[in-house]
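Asks: Listed here are the chains, written in short residue letters.
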Amino acid sequence: MTTNVPDWDSLPHALLHRAHSTPDHVALRKKDLGRWRSYTWREYAERASAVAAGLRELGIGPGDRVAVHAQNRPAWVIADLGIQALGAITVGIYPTAPTAEVTYLLSHSGTVAVIAEDEEQSDKALEARASLPDLRHVIVVDPRGVDLDDDLVMTFADLETLGRRASNDLMTDLAHRVEALDPASVATLVYTSGTTGPPKGAMLSHANLTAAGRNGERGFNLRPGDEVLSYLPLCHVAERLISEVAALASGYVVNFGEDSDTFAQDLREVQPTFFLGVPRVWEKMMATVTIKMSDADWFKRLLYRMCMRAGSSVARRRWRPDRFRPFDAIVRGVTWLLVFRALRRQLGLARCERALSGAAPIAPEVLEFFWTIGVPVVEGYGQTENTAQATVVPVRDVRIGTVGRAVPECELRIDEGTGEILTRGPATFVGYFRDEEATAKTIDPDGWLHTGDVGELSDDGMLRIVDRMKDIIITAGGKNISPSEIENQLKVSPYVREAVVIGDRRKYLTALIGIELDTVGDWAQKNRIPFTTYADLSAKQAVVDLVGEWVASVNEQFAQVETIKRFVLLPKELDTDSGEVTATQKVKRRALEEQFADLIEGMYS
Amino acid sequence: MGNEAVATPLLEVRDLTLAFGGVRTLNGVSFDVGRGELLAVIGPNGAGKTSIFNCLSGVYRPESGSIRLDGNQLVGMRPPKVAQLGMGRTFQNLGLFTHLDVVDNLLLGRHHLMRTGYLSGALWVGRAKREELAHREAVEKVIDLLALTPYRRSPVGLLPYGVQKRIELGRALSMEPKLLLLDEPVAGMNLEETEDMARYLVELRTLMGISMILVEHDMRLVMDLADRVMALDFGTPLATGTPTEVQQDPAVIAAYLGGAA
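These protein sequence lines map, in sequence, to chains L and W.
Sequential numbering of the first sequence, starting at 1, is according to our numbering.
Sequential numbering of the second sequence, starting at 1001, is according to our numbering.
FYI, nobody ran anything at the bench for these hints, they're computed from the structure.
Think of the CB as a built atom: it goes at the ideal place given N, C-alpha and C, for glycine as much as any other residue.
Each hint should be verified, as a subset may be incorrect.
[What the hints assert, rightly or not] Derived CB-CB ranges, DEER-like:
no. : chain 1 : residue 1 : chain 2 : residue 2 : range
1   : L       : Ile400    : W       : Gly1095   : 51 to 61 Å
2   : W       : Lys1141   : L       : Gly521    : 46 to 56 Å
3   : W       : Phe1097   : L       : Glu269    : 17 to 27 Å
4   : W       : Phe1097   : L       : Ser605    : 53 to 63 Å
[Claimed, not checked] Selected chain L positions facing chain W (Cβ under 8 Å, derived; list incomplete):
no. : residue
5   : Leu33
6   : Gly34
7   : Arg144
Required output: the full structure, derived from the provided sequences and hints.
Replies: In C-alpha cells:
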C-alpha cells in the first residue's frame, strides 16, 4: 500500500487523493459529549467541498479572505480546506484574541466572511461590524445563544447545506476546484503574533505548504497508523503542519480533545504516537513528574531515581547509534517495566515514539529528561516566514544544544557580517500581506529569508541558535550575552514558570521571575506557609528564598558576567489576554520591561 | 387556545401560610411565576425565603393556601412526586454525594426519570441499555453547558467550592425541571465565580427557557438577572415588581435599613 500522496501541489489535492484511496479510513476524531466520534476521509473531503461550494454561493471566490476564529476542532480544518479549495485565503485568528485584536486582523486582511466558533467569538466580529466594511458574513459553528435573525449571521451547518444543494457531486466538484488551483497563489495568511509591534500577515502559498509536507514526510517517516492530538492553536504554523499538512501527506489520524481545559486528560486517552510540544508544555510535564515523585513513598522514589540514572546513560548513547550497546536494550526494557511504562501512560506519552519541540528554544535538561524516560524529543527550528522549514535534529545524530541540520528542501547559511541565519527554498513565504516594505526587508533580492536570529553553523552543518538578534544583551561592559539560554536554565526548576533576563546596557544582569502557582503553592502548603493569592505567595520571603537558592545554583553554570545578580518575583501570572505572552506562551519581552519598569529599576538602584 | 396556555402562569401560589408552633413563618404569601420568567425572592434572614422553597418542593406542608404548577395542585404531595412534576431545586449547602464523581451525581438527578427495574438494570440488556445511554447523553449535555468537562470523573468532594456549586446546579438541571428553585447559588463565591454563575443562569434562560425562582443575598446579581422581585419580611410580602420598583419601595427600604418609614 502506498502511503504517500503522489505529486500533490495543494492541501485540497492531497485531501482528494486520501478520499479516493482510503475513503473509509478514519481521518479525524473529536471528543464530543464525552465520546470520541470519528470522521472518515470521505466525510472530511465532502464536507470541505460543501464548504467551498457554500462560500461560492455566497459570492465568495478566489483571492477573497475568509477568517476562521475557533478552537481546534474538525470544523476548523474542514473550513480551512474548503476555503483553500475555493482558491480563497484562510485567515486564522487565535481563540484567545480580544475584540481589539480581532478587529485589527479582520480589517487589515479585508476579510469578507468569518467562521466563528460560538456566541463569544461571533460577538467579537459583530461588535466591530461598523468599522469592517468588507465583512459580509458571520458563520457560526455552535449557534447556541446567537441571534440568527441578524442579516450577517448564518450557521456553519446552513453553509454546508447550501453547498450540498448547489453541488451535484461533491467529490467531482472538489476535483475540479483542485484542478483549477494555482500552486503559487496564496493559501493562507498567518498573522505572526510577534513579540513586538502589531501582527504582520505572512502569506503562505499552496506550494509553501506542500514543500513543508514533503519535508515532514521524509524527516519523520509518519504513516496512516499514527495518531496525533491537535491542541496548539491552529492559526500557528506549527500546529497547522501537524494537524493538516503532515496529516494529509502521511494519512494519520488527527484527534481533537474536548476543550482547552482537558488537555492532560485528552492526551492520556489518545496516547499519540507523534507529538509536538512547545517548551512550556514539555517543562510543565516535567515539573508534574518531579513534583509527583517527590510526594511518592520512599520505595517509589528509590525506584524512580535508579531508573532515571540508568535511563539517562542509555539515552546519551541513543543519541549516537554507534555507541548503543546490546545491553542497553535490556536496561531500557527493565526500566520501562519498572517505572517508565506507568509514568508515560500517566503523561499520555506511552506510545509516543517520535516527538518534536519547537516555536522557542528549550533547555537541554528538559530534552534529556524525556530521552531518559524513552520519549525521543528532538528540536526543530523554523518560523512562519519559512513555513517552519529550516532545521531539525536527526534522531540518529542528536547533539543537544543544536537545532540540527537543514531539512531536505532548505538552503541554510550564516550572514558573515551580522551572524544572522538565512534560509532559502520552496517553503519561503510569499511576503507580508499589504506590507511591501517589511517584505523587502525580510526577503533579499537573491531570495534569502532573513530570520532575525543569530546562529552558528558547525563544519558538519549543525546549527546552534544564539538568540533573537534584537534580544541579545550587550552589557555596559560590552559583553554579548544570550538571555534565552540563561532563561531556559532558570525554567528547568519546577517552581519557575517564567524568567526574563534583563541587562542591556546595564552594569550587571537581573531577572524577572514568575513562579509556577501549582508547584510553589504545593510546596508552601507542605511547609505550612499560608497564602491567599498568586501575588501574596510571590511576596513571601520563604518563596523568594526558595527561588534564590535555585538562581544561585544556575549561576554556577555560567561565566561571571552571565550570572544573575538580583531578581524579583512577578506579582501576577502572565497571560495572553493582557498581551504579556503570545498564544504559544512566548514572553513578550518589551511589554514586560515596560509594565514592570519600576521593579527593574529597583534592581539597579 | 395556544395563547391562553402561554398566558396562564407556570406557577400560581395563593395565600400560603405556614407556622411552627406559634411562630408564623409564612403569612398569606401569593405570587405567580410566568413561563421563562426569573422571579427573585429577597428579604432579611428569617423572612421565610427558604420556607417558601420547602413548601414548593413538598418538604413542608403549608397549613393553608394552594400551589399549582402547570395546573397540578402540589399541596400535600411528597417531594419525589413534586420533582416528577417538574420542580427542580438547588440547595444552599449543596446536596451532592461527595464521594461520587460528577457524572454519577448528575445521573442521580435523573433517578426519577429512570424506568428500568433492578434486574434488567443489572443485566444491562435491551431497554435498560438504551435507557442508560440516553440518560448518559442528557447528563453529558448538562456537563457541556456548564463547562464541567475537566471534572467529569473527579469525586465531587475534591473539587473547589465554586465548581461544586455549578455541579449542584447541574444536578438540578439533569432533572429536566420546568421550574428551578435556586437557593443562594452564589453564596460564598468570589467575584469571578459569581460572574460565571450569572452567565450560566442567563444561558439557561435563553437556551432552555427554564423558569426560575432565585433566593439570593447578592443584590447586584438579583437586580441584574431578575424579571421581577418579591421582597419578604416576617413571612409577609412587602412588595412585588420590577427590580427598580422594589428597590425604591419605602417599605422595603425600611425593612432592610431598619429606619422608620
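Asks: Each hint should be assessed against the structure and marked as holding or not.
Replies: Hint by hint, here is what the structure shows:
Distance hint check for Ile400 of chain L and Gly1095 of chain W: the Cβ-Cβ separation is about 56 Å, which falls inside the suggested range of 51 to 61 Å. A hinted range of 46 to 56 Å for the beta carbons of Lys1141 of chain W and Gly521 of chain L is inconsistent with their spacing of about 34 Å. For the pair Phe1097 of chain W and Glu269 of chain L, the supplied restraint of 17 to 27 Å holds, since their beta-carbon distance comes to about 25 Å. Range check, Phe1097 of chain W to Ser605 of chain L: about 58 Å between beta-carbon atoms, so the 53 to 63 Å window is met.
Because the beta carbon of Leu33 of chain L sits about 4 Å from the nearest beta carbon in chain W, less than 8 Å, this interface hint is met. Look at Gly34 of chain L: its Cβ gets to within about 5 Å of chain W, closer than 8 Å, so that hint holds up. Interface restraint check for Arg144 of chain L: the shortest CB-CB distance to chain W comes to about 6 Å, inside 8 Å, so the restraint holds.
Of the numbered hints listed earlier, the single one contradicted by the structure is hint 2.
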